[in-house]
Amino acid sequence: MDLEHYKKTWENQPEEAKKVSKEEIYKMSQAKSTSIVKWIFIIGVLEFAFWLILNSFTSKLEVMEIYKELKLMELLDVVYYINFIVVVAFLYYFYKNYSSISTIDSTKDLMRKIIKTRKTVKYYVNYNVLAAVLLMIVFNVKIVNTPNGIETVLEIDNINFDDSNLMTVYVISQAIAVVIMILFLFLFYYLLYGIMLKKLKRNHKELDRLEKLN
Amino acid sequence: MQKDLEAKFLLDFEQNQNIVHKVCRIYTTNQDAHNDLFQEVVIQLWKNYSKFRGDSKFSTWMYRVALNTAISLYRKSTRRIKTQNIDDFTYKIKSSDYDDTEEQQLKSLYSAIHQLNDIDKALIFLYLEDKPYKEISATLGITSVNARVKMNRAKEKLKNILNP
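Residue numbers (the numbering used here), protein chains in the order written: chain A, 1 to 214; chain B, 1001 to 1164.
Read the hints as simulated data drawn from the structure, not as lab findings.
Take these hints with a grain of salt, some might be off.
Lysine-lysine pairs mimicking DSBU-like chemistry, simulated, CA-CA at most 30 Å apart [stated by the list, open to error]:
| # | chain 1 | residue 1 | chain 2 | residue 2 |
| --- | --- | --- | --- | --- |
| 1 | B | LYS1131 | A | LYS199 |
| 2 | A | LYS199 | A | LYS38 |
| 3 | A | LYS32 | A | LYS119 |
| 4 | A | LYS199 | B | LYS1157 |
| 5 | A | LYS119 | B | LYS1107 |
| 6 | A | LYS19 | B | LYS1107 |
| 7 | A | LYS198 | B | LYS1047 |
| 8 | B | LYS1107 | A | LYS199 |
| 9 | A | LYS201 | B | LYS1159 |
| 10 | A | LYS22 | B | LYS1131 |
| 11 | A | LYS122 | B | LYS1047 |
| 12 | A | LYS119 | A | LYS205 |
| 13 | A | LYS113 | B | LYS1134 |
| 14 | B | LYS1155 | A | LYS7 |
| 15 | A | LYS7 | B | LYS1131 |
| 16 | A | LYS27 | B | LYS1003 |
| 17 | A | LYS27 | B | LYS1051 |
| 18 | A | LYS27 | B | LYS1008 |
| 19 | A | LYS205 | B | LYS1155 |
| 20 | A | LYS119 | B | LYS1047 |
| 21 | A | LYS22 | B | LYS1047 |
| 22 | B | LYS1003 | A | LYS7 |
| 23 | A | LYS108 | B | LYS1003 |
| 24 | B | LYS1047 | A | LYS19 |
Only some residues are given here: those of chain B computed to face chain A with a beta carbon under 7 Å [claimed, not checked]:
| # | residue |
| --- | --- |
| 25 | ASP1012 |
| 26 | PHE1013 |
| 27 | GLN1044 |
| 28 | MET1062 |
Cβ atoms here follow ideal geometry from the backbone N, Cα and C, with glycine treated the same way.
Starting from the given sequences, assemble the full structure and let the hints guide the process.
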């Protein structure tokens, strides 16, 4: 049987037996959306909040006293100003991309915009991880190069401590901390971003594939 | 003003709701998911209704929003279902004046469509609804030429499923 015949069958199919009434439609229209876009927005905002809170907390930690001692405060100040500008820029792009999402766009444009919005958040998180790792490296280099730097950080008063061993242990433990941090975030994003956008990415690729063939 | 808009929307939607039901039948396979997707389409349509200027037909606009919601916004995966229990469809199509063989054919058609990917589903749906290529390419955001090529492949896939 050819498709034209099925088309006839399609045209003749009965209408939905249970028509939705105006009252029901009204109730539905007032309900909260549970769409992917809504989730992307909520999770995006949470992520911005998470890093902002984390940043403002760390600036109040006791560790700052040690940084002061090691004369790292100027560097830290510069980092905070840059960070502030970067966060504002990210928030601006996030909101701009989010508000450009519209279901009346074509399917392809809609998918592109959703993926772009989510990517803004992904870049923001990447920026934070990268900045944290870089800062850690810079600080550690500075600490290691300062006489008695490690002792100051670890608050070791015993002068007879074995120096060569301490250095090795310190560097290794810091390296492990960095690796664990990156692994943890990678896993988190693999789960969050991957699962949420899996379907969308697959469909976007499907539409894209043909464009490239021609 | 808001009340007028609301009333107009409810009327427009009530008259054209069958389009959304058909999209839901294509992209979901049980009544719960059907209702869920239906509600999300209503939300999306109402959210954008003030932007609808009436320069195109409401139904044209409805096709686009309903398909977009099913393909990109609906959070549950609607990936192809390999095995489809025919009985799953009985809840959807029940009408005494509908011919028996035709009912069987409609069931196999839905069952075959369910095995297609999300984009092919949209293409086949627009073909069955007799939409011109111009509208299909505008809805999906691909060129007319691409829409034709892609449509032919989707039809080929559907034919192979229907007549193995």
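Hints and how they fare:
no.: 1; hint: LYS1131(B) / LYS199(A); in the structure: holds, 26 Å
no.: 2; hint: LYS199(A) / LYS38(A); in the structure: holds, 16 Å
no.: 3; hint: LYS32(A) / LYS119(A); in the structure: holds, 24 Å
no.: 4; hint: LYS199(A) / LYS1157(B); in the structure: holds, 21 Å
no.: 5; hint: LYS119(A) / LYS1107(B); in the structure: violated, 41 Å
no.: 6; hint: LYS19(A) / LYS1107(B); in the structure: holds, 20 Å
no.: 7; hint: LYS198(A) / LYS1047(B); in the structure: holds, 25 Å
no.: 8; hint: LYS1107(B) / LYS199(A); in the structure: holds, 26 Å
no.: 9; hint: LYS201(A) / LYS1159(B); in the structure: holds, 27 Å
no.: 10; hint: LYS22(A) / LYS1131(B); in the structure: holds, 27 Å
no.: 11; hint: LYS122(A) / LYS1047(B); in the structure: holds, 27 Å
no.: 12; hint: LYS119(A) / LYS205(A); in the structure: holds, 16 Å
no.: 13; hint: LYS113(A) / LYS1134(B); in the structure: holds, 23 Å
no.: 14; hint: LYS1155(B) / LYS7(A); in the structure: holds, 12 Å
no.: 15; hint: LYS7(A) / LYS1131(B); in the structure: holds, 12 Å
no.: 16; hint: LYS27(A) / LYS1003(B); in the structure: holds, 14 Å
no.: 17; hint: LYS27(A) / LYS1051(B); in the structure: holds, 21 Å
no.: 18; hint: LYS27(A) / LYS1008(B); in the structure: holds, 15 Å
no.: 19; hint: LYS205(A) / LYS1155(B); in the structure: holds, 20 Å
no.: 20; hint: LYS119(A) / LYS1047(B); in the structure: holds, 25 Å
no.: 21; hint: LYS22(A) / LYS1047(B); in the structure: holds, 16 Å
no.: 22; hint: LYS1003(B) / LYS7(A); in the structure: violated, 40 Å
no.: 23; hint: LYS108(A) / LYS1003(B); in the structure: violated, 33 Å
no.: 24; hint: LYS1047(B) / LYS19(A); in the structure: holds, 22 Å
no.: 25; hint: ASP1012; in the structure: violated, 10 Å
no.: 26; hint: PHE1013; in the structure: holds, 5 Å
no.: 27; hint: GLN1044; in the structure: holds, 5 Å
no.: 28; hint: MET1062; in the structure: violated, 11 Å
Hint compliance for this structure: hints 5, 22, 23, 25 and 28 are not met, and every other hint is.
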